[in-house]
Each structure stands twice: as structure tokens, then as C-alpha cells.
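J.: For reference, the chains in residue letters:
2 protein chains.
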Amino acid sequence: MQRIERIKEFGGWLERYEHESAACQCKMTFSIYLPPQAASGSVPTVYWLSGLTCTDDNVRTKAGAQRYAAELGLALVMPDTSPRGEAVPDVPERYDLGKGAGFYVNATQAPWDTHFQMYRYVTEELPALIEAEFPVIAGARSITGHSMGGHGALICALKNADMYRSVSAFAPICHPSIVPWGEGCFGAYLGEDKNAWAAYDATELVKNGAKLPPCLIDQGTDDEFLAEQLAPEDFAQACAAKQQAVELRRQEGYDHSYHFIASFIGEHLAFHYRHLSA
Amino acid sequence: MQRIERIKEFGGWLERYEHESAACQCKMTFSIYLPPQAASGSVPTVYWLSGLTCTDDNVRTKAGAQRYAAELGLALVMPDTSPRGEAVPDVPERYDLGKGAGFYVNATQAPWDTHFQMYRYVTEELPALIEAEFPVIAGARSITGHSMGGHGALICALKNADMYRSVSAFAPICHPSIVPWGEGCFGAYLGEDKNAWAAYDATELVKNGAKLPPCLIDQGTDDEFLAEQLAPEDFAQACAAKQQAVELRRQEGYDHSYHFIASFIGEHLAFHYRHLSA
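Just so you know, the protein sequences line up as chains S and H, in that order.
Using our numbering, the first residue of the first sequence is number 550, and each one after it goes up by one.
Using our numbering, the first residue of the second sequence is number 550, and each one after it goes up by one.
With the rest of the complex left out, here is chain S:
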């Protein structure tokens, strides 16, 4: 693991690292924000999973999360959205498949299966690395994300009942098996067996009995992708049918952008902080 950047922010440090990933079989990049409190002790960690086309840079630059993390004493871990490099397959004409579009699954289909193991990367390899190398409290983890990364946060929490103290999401892709973004990727990464898709679909996981930790979702009502891609009502209905508590807030007039995220990231981090410090 090599540190390639270190920037002071809100009294803490925003750092960027490269490391050889065993899961993805390539060099991976992530950013971490260590709040001022991490200089003198260990802190809880919130993982942020980003959306389509993003790297670790978007959230650290645009979300305004570091201010709240510094106030609350939370580390933020911000992985990339896919494997990278010349050896990694891609479909350059598609922004929603290949590089920048890992969808937080373990691909089983060629040519994707060698490198596109993002689920294993974000739930196993990266937390192990973070908890070995940084002043964080082992096991004190929550997870959040945006759009594709909101989908990622939900499935990581649903598939690992004791791993995260809480989960939240901004405009998550709640039912990928039935929307164009999800269909386009799941078919390529997982093949045509819809049972394989259901294992990475938040709505199907809830239907099949997976348990949620405390969960907060924000969805803008003017989100340009809401009608076609996100399906939060499917997730809410599945949760209601299984008596799984979820707070789904419809935020009037907000869109899908980082301006929406910035407006509510403080409430999300405060929500996670409550569960991480309980």
C-alpha cells in the first residue's frame, strides 16, 4: 500500500492510496479522510460507495462530507467504483458497464470475472486493509453511497447482517434486476440466471428474508433517473411486507446530483454516528 496524496482538511487529513488488490487482481485506488480525532485515538468508519462513472475523487471533492466527519470524529473510506488499468476489460462506449461501473458484484462471466470482484473488495479486502493500517475501531463500520453506490451499500448491509451498524443511501438503485442499468450489467457480469441477480438485488434480498440494520434512504422527487432506474417504492414495499424498518424520505425538488448529496450528507453521517457510538 502506497500513499500517493495527503491534503489537510478541516483539521484532519484526506489521503489517497494505491494498493495491489488480490480480489480485483489489479492496482486499486482509494481515499480516506481521517478526522482530527484520529490523531489521538481510534475512530469509527463510514464507507462511501460511489455511483456510475465516478472514482474516489467525486465524493471527496463534491459532497462536503469531510466537514461533518471532522465534527463527529468519523473516518470516511472512499473506494473506486471498479478495477482499473489496461488489463481490465471495458466497453468504452458504455458508461454503465465495465470501468466505473463495477456494480459491487462478484462477476462470474468472462471476460469480467477475473477483475470485477468489487463485492469481495469492498466487504472483505478493503475493510481488512483499513482496520490493519489506520487508527479506526475494528468492527465499528457503517456504509452509505449514491445511486449505483446506494445499491452497493444496501446489498453489502443486507448480505452481511453483523458487519455494519447502519446503512444509508442517496437515490439508490433499489431493484436492479428490473431496471435498465441493472439489467445491462447483471446480464454481463452474472449471466442469464435471474437467481444469481437476486443475490445482488436489495429488493429481492429483502423479499428472500435478508435483515437490514438501521436504514435511512433519501430520494429526490426531481431526480432525472427516478422513474426509469431507481424503484425505491419496490424496496419500501418489500421491507413493509417483511416488517423490516426503513426510513425512506422523499426530498421535494431535489435531483440526482452531488448538490442533493451535499444537502443531506450531514444528516446521514449524524445517523451513522448515532449507531456507531451507541
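Worth double-checking, as some hints may not be accurate.
The list cannot tell twin chains apart, which means a pair is met if one copy fits it or any two copies do.
Derived DSS-like pairs (lysine-lysine); straight-line CA-CA distance at most 30 Å [as the list claims (entries may be wrong)]: (1) K760 with K791; (2) K611 with K576; (3) K611 with K557; (4) K743 with K557.
Rather than coming from a laboratory, the hints here were simulated on the basis of the structure.
Once you have looked at the hints, place chain H on chain S.
T.: Relative to chain S, chain H alone:
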């Protein structure tokens, strides 16, 4: 004037406009953030002047200023850094001259003098437009900026004693006449007469008796441009010699980036708010 974008953020609205500028003789773009309080009354305005290579987009995306503006009830006006368009001269191989590098002066030298009238644009045309078209309190203005824009904020305040209630800057180019960035632009825009340069140089303006409104400057000690380009000590010495109060804070370990700005923009907006509401 035409609105080309409108995004909800922190309960207010981030808007972008295009208009034909008489000062710059081209179409100009600016962004404005109207806080929630502007829906039911008029609010004071803080002008933000951006640095080299920026447009209106950098600050609205990266600074995290809208959260504080929403809390305090301040409008933020974010102009572009130069005239734009095919008719506007440029030196594509130089990031520090031409487009993106207007330096907030009125150019007197060909080929720049037709369009590069950014001083007149930001101190006359734009405030008149803002105060005619938006729910802001006429005359309740403060100004701030970063690097080249910090220079711009200081000279706008120094050259217009009653126009701004307060001024602040992040890592401003304090003495452009004697540093490479300033020399490279002032020679091109203003010609070889150093008296013309002094009229747009914050340190020289103070030496020549210009008065400052309440003034706050933050300068990171690890700023990669500090040694060669910024010269805050020249400005502080000139202010001391003329008994002009200025609070120059050296922020240990911070660099020149928007992560530095984000860390302190809240304190700058609170500073301006105090003077705008006094």
C-alpha cells in the same frame, strides 16, 4: 439574461445564467445561490471571485459554501474568471493568460482590451444586474475569492471604499506586480507602465493610501504557490505601515486547493455575515 440551470440545494436554489455583457462584449455566465430565506425576503450578497483556470463551476461544486449560505441567509454570486467565446483572444498554451485568467483588471492593450474588462464587469455590470433581478438587499455586499480571485476581492474592495461591507481572501495574490503570475498578465493586459499595474495591485494600493473595509485573509503554510506567487507578508507590511487593520491567519499545513477553502469558507461567510447584518 437567461437561466440555464436550476438545482435545489440546502433548501435554496443554485442557478446559472447567461447574459450579454456590455463590459466584456461577449456572453458571460455566472452562478448564484439563493438561500431559503430569499424565498420570502431580500438577503445580503457575498461575491466570490475564482482563481486561475476556474469557471463559476469550481466554487459551487467544491467549496461547500452553500451549506453556510443557507444557514446564514446569504446569496452567493459566482462569476466566471474571464470573457469567453470564439471571438475572445487566448493563449492556449498558457493557463495564466487569456481565458480563465482575466485577473479582474480592465485591459488597455490590444488584443485584450476589447473583451478583458473584468474589473468593470465584477464591480459595475454584475452587481447592477444582480440587484435588479434577484431578491437581494441593494448595497449589502461583501466580497471574497481565492488566489487570483483573492487578489480580485482585495482590489475591488480597496478601489471602492464604500461598495463592500467586508472583504476576505484565501491565498490571494497580494502583490501581483512583483510575482510571475502578475507580471505575466499585467504586462500583457496593461502594458509596461508600472503605474498602471499599481492601480490593480493590493499591496501598492494600500501603500498609496487606499482604505480597507474589515478584512480577513487565510493562507495555508504548505501552499505550493506561497513562496513564488502570493506575497502575503508584503500586503501585511503595507497595511501595518498605513495602520490598516487586516487579520492575516497562517493556517498550518494547508495547501492551495479547494480542500483548504472548504475548511475555512464557513468562517469567512460568518465574518461577512457579521458585517452585512451589523
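J.: Taking the earlier hints as the rules, which of them does this structure contradict?
T.: 4
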